[in-house]
Amino acid sequence: MVPTSHVLFLGAALFCLGLAIILTKKNTIVVLMGVELMLNAANLNFIAFARMHESLEGQIMSLFVIVLAAAEAAVGLALVLRVYQYFKTADIDRINSVRE
Amino acid sequence: MREVTITDRLSSISEQLPYLLPEGLVAITLLAVVLANVILKGKDHRVYGWITLVGLLIAIGYLCFFSLTPPSSTLFFGLIQWDQHSQYVKVIALLGTILTTLWSLSASNEKFRSKGEYYVLVLGLLLGAMFLGASSHLLMVYLALETLSLSGYLATHLKEDKRSAESSMKYLLFGAVSSGVLLYSLSWVYGVTGTLNPLSPTFWSQLNGLPLLAQIVLGLGVTFAIAFKISAAPAHLWAPDVYETAPLPLVAFFSVVPKIAAATLLLRLGLVVSPETAPGLNSYWGTLWPAIIVATLLVGNLAALLQGKAMRLMTYSSIAHSGFLLLAALAAPWASVDAFRIYGLVYLIMNFAAFGLIQQLHQHTGTDRISQWKGWGQQLPYPAILLLVVMIALVGLPPTAGFIAKLITLSAVFDVYSHTESVWMAWAGGIGLFSTVVALFYYLKIPYFLFFKKNEIFATNHSRISYREVLVSVLTLLLLIGFFRSDLMLEALNRLF
Numbered sequence: 003m004v005p006t007s008h009v010l011f012l013g014a015a016l017f018c019l020g021l022a023i024i025l026t027k028k029n030t031i032v033v034l035m036g037v038e039l040m041l042n043a044a045n046l047n048f049i050a051f052a053r054m055h056e057s058l059e060g061q062i063m064s065l066f067v068i069v070l071a072a073a074e075a076a077v078g079l080a081l082v083l084r085v086y087q088y089f090k091t092a093d094i095d096r097i098n099s100v101r102e
Numbered sequence: 106m107r108e109v110t111i112t113d114r115l116s117s118i119s120e121q122l123p124y125l126l127p128e129g130l131v132a133i134t135l136l137a138v139v140l141a142n143v144i145l146k147g148k149d150h151r152v153y154g155w156i157t158l159v160g161l162l163i164a165i166g167y168l169c170f171f172s173l174t175p176p177s178s179t180l181f182f183g184l185i186q187w188d189q190h191s192q193y194v195k196v197i198a199l200l201g202t203i204l205t206t207l208w209s210l211s212a213s214n215e216k217f218r219s220k221g222e223y224y225v226l227v228l229g230l231l232l233g234a235m236f237l238g239a240s241s242h243l244l245m246v247y248l249a250l251e252t253l254s255l256s257g258y259l260a261t262h263l264k265e266d267k268r269s270a271e272s273s274m275k276y277l278l279f280g281a282v283s284s285g286v287l288l289y290s291l292s293w294v295y296g297v298t299g300t301l302n303p304l305s306p307t308f309w310s311q312l313n314g315l316p317l318l319a320q321i322v323l324g325l326g327v328t329f330a331i332a333f334k335i336s337a338a339p340a341h342l343w344a345p346d347v348y349e350t351a352p353l354p355l356v357a358f359f360s361v362v363p364k365i366a367a368a369t370l371l372l373r374l375g376l377v378v379s380p381e382t383a384p385g386l387n388s389y390w391g392t393l394w395p396a397i398i399v400a401t402l403l404v405g406n407l408a409a410l411l412q413g414k415a416m417r418l419m420t421y422s423s424i425a426h427s428g429f430l431l432l433a434a435l436a437a438p439w440a441s442v443d444a445f446r447i448y449g450l451v452y453l454i455m456n457f458a459a460f461g462l463i464q465q466l467h468q469h470t471g472t473d474r475i476s477q478w479k480g481w482g483q484q485l486p487y488p489a490i491l492l493l494v495v496m497i498a499l500v501g502l503p504p505t506a507g508f509i510a511k512l513i514t515l516s517a518v519f520d521v522y523s524h525t526e527s528v529w530m531a532w533a534g535g536i537g538l539f540s541t542v543v544a545l546f547y548y549l550k551i552p553y554f555l556f557f558k559k560n561e562i563f564a565t566n567h568s569r570i571s572y573r574e575v576l577v578s579v580l581t582l583l584l585l586i587g588f589f590r591s592d593l594m595l596e597a598l599n600r601l602f
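So the protein lines, in turn, are chains R and V. By this note's numbering, the letter at position 71 of the first sequence is numbered 73, and the numbering carries on one by one without gaps. By this note's numbering, the letter at position 32 of the second sequence is numbered 137, and the numbering carries on one by one without gaps.
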């Protein structure tokens, strides 16, 4: 059986990758992909800990997270589409009209 | 021990369902609006608003007069807590939504008011707030926060213009990152404690055993997400853009209901973190939150000083007020919960009144730049005088209920200080007092321009009395009544819960 710590390292690596993508990338869709990585890092952790504690709570939590991540991605992509219609770009730095 | 079978679980769920009837009624109303939208083939119609209003009135009537009390305060295997705090949040959230709906129905020439999805999203926000205030399990907290956020992102874009698309996009990105950080921190909390139920006895003692650095990192991760919802200082950056571009009735809703729900969550957790269960964590709790409150109060008030537009000013004012709400919620476990309740109720009333009046002046004058409002006090005496009263209430001066709310909150903070002698609490209270003085300058700027500056040229734009005007007058009257008969207000709150 894979030891819990291995899974935790994988989760930590995924989380850091996601965070790095969010901080460095300018394209909105790529940023949403980074968020997805962070959520999946949390999912891995939940499942690993659920196995360690021999309780189902963590697995249930990760099921809910998967569903909500899908909802969030749907809303996010819909909004990216609208933004693209108005600005003709998905680059965060160039989407700037609210400031006076 | 007897094995718990699936049948037992299912029957206990069906036994406990009646206690969720208010939420159920809201959900049914939401589905009814969706159904009406399908029947009318997605055409714009005012019937959606009326369906929403009727559903909400039934829900609040049921909640206030026929609500059942469950035998134990923990429902659904510890997912939901049924107590006076959860009842309070439900009533406040329903009141806020009813005001939003009434206002939306009366909003003239606004596209969103007859759109079905507008009311669906408002009801979605309401459901999220109701569950957030009642959740006692981290899974439930996450679900409620996401319900609030997802409805919020979409609702921001309801005006369907360029600027609202941009601000809702930014809101979504900020919110998605914060929920990612929240979940990752929660997964570690689960790993350390073996449970996601913060009310279980082992939860805090296990967390307390962690090294200090780990406590700080986990605490910051979780705190950040709650602070985001409440637009508290380090995570308030989304608020100004969203408030400026979302439909106005919804902005008033945003600035009150989710904040009160999230502050209730803080209150509920604060009741569990006591010096006995978690001594190390307790001092940490007593440092982190006052620090956030101090930052929120300072950022909100000082930024409000610099604003020239009424809407922007109200945005920062609502950030400053969320600092006060948090202060009342933080003090509640040691002092009494009355301060939090009164502050929440009064804040709801005065914020809706202020946003309503500002919109009215905006419509009459054609601008929301405060310096352009000079001299309009003579032209529009009635709304201008109402606005003066509401601004005095927002500062927290007599003779309005705003004074009572601030007084009772600061005295609760002083109580906590005299019990615990926490330096941080003293700082938070002191900054609260100081920020009231600062608030005097920026709130009274509006009446100052209205009454004391002269202006000759008027482009009069008279309109008939809408029932939004009546709504705002009633709210302002309530603020005055709340000062002279504050005992009535307290009694009503105590009788309900």
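These aren't lab readings, by the way, just hints derived from the structure by calculation. Any given hint might turn out to be false.
As the list claims (entries may be wrong) - Residues of chain R clear of chain V, computed beta-carbon distances all greater than 12 Å: (1) MET40; (2) HIS55; (3) LEU83.
Stated by the list, open to error - Straight-line Cα separation of at most 30 Å, DSSO-like style, residue types lysine-lysine; simulated pairs: (4) V/LYS148 with R/LYS90; (5) V/LYS216 with R/LYS90; (6) V/LYS267 with V/LYS414; (7) R/LYS27 with V/LYS146; (8) V/LYS414 with V/LYS148; (9) V/LYS267 with R/LYS90; (10) V/LYS264 with V/LYS414; (11) R/LYS90 with V/LYS264; (12) V/LYS148 with R/LYS28; (13) R/LYS27 with V/LYS414.
Nothing here was measured: the structure is a model prediction, and the numbers come from that model. By construction, the Cβ of each residue, glycine as well, lies at the ideal position given by its N, Cα and C atoms.
To see whether the hints hold, each was checked on the structure:
Its beta-carbon lying about 3 Å from the closest one in chain V, R/MET40 breaks the requirement of being farther than 12 Å from that chain. Listed as a non-interface residue, R/HIS55 fails to keep its Cβ farther than 12 Å from every Cβ of chain V; the least gap is roughly 4 Å. Not every Cβ of chain V is farther than 12 Å from the Cβ of R/LEU83; the closest lies at roughly 9 Å, contradicting the non-interface assignment. Distance restraint check for V/LYS148 and R/LYS90: the Cα-Cα separation of roughly 29 Å lies within the 30 Å cut-off, and the hinted pair is therefore satisfied.
At most 30 Å may separate the alpha-carbon atoms for a hinted pair to count; V/LYS216 and R/LYS90 meet this at roughly 25 Å. Our distance criterion of 30 Å between C-alpha atoms is met by V/LYS267 and V/LYS414, whose separation comes to about 20 Å. Taking the CA atoms of R/LYS27 and V/LYS146, the gap is near 41 Å; set against the 30 Å cutoff, the hint is violated. The suggested pairing of V/LYS414 with V/LYS148 is violated, with an alpha-carbon distance near 35 Å, which exceeds 30 Å.
For a cut-off of 30 Å, the pair hint linking V/LYS267 to R/LYS90 stands: about 11 Å separates their Cα positions. Annotation: proposed proximity of V/LYS264 to V/LYS414 holds, straight-line Cα distance about 20 Å (limit 30 Å). For the suggested pair R/LYS90 and V/LYS264, the alpha carbons sit about 19 Å apart, so the restraint of at most 30 Å is met. This hinted pair does not check out: V/LYS148 and R/LYS28 have alpha carbons roughly 38 Å apart, beyond 30 Å.
Proposed proximity of R/LYS27 and V/LYS414 is contradicted: the alpha carbons are some 34 Å apart, above 30 Å.
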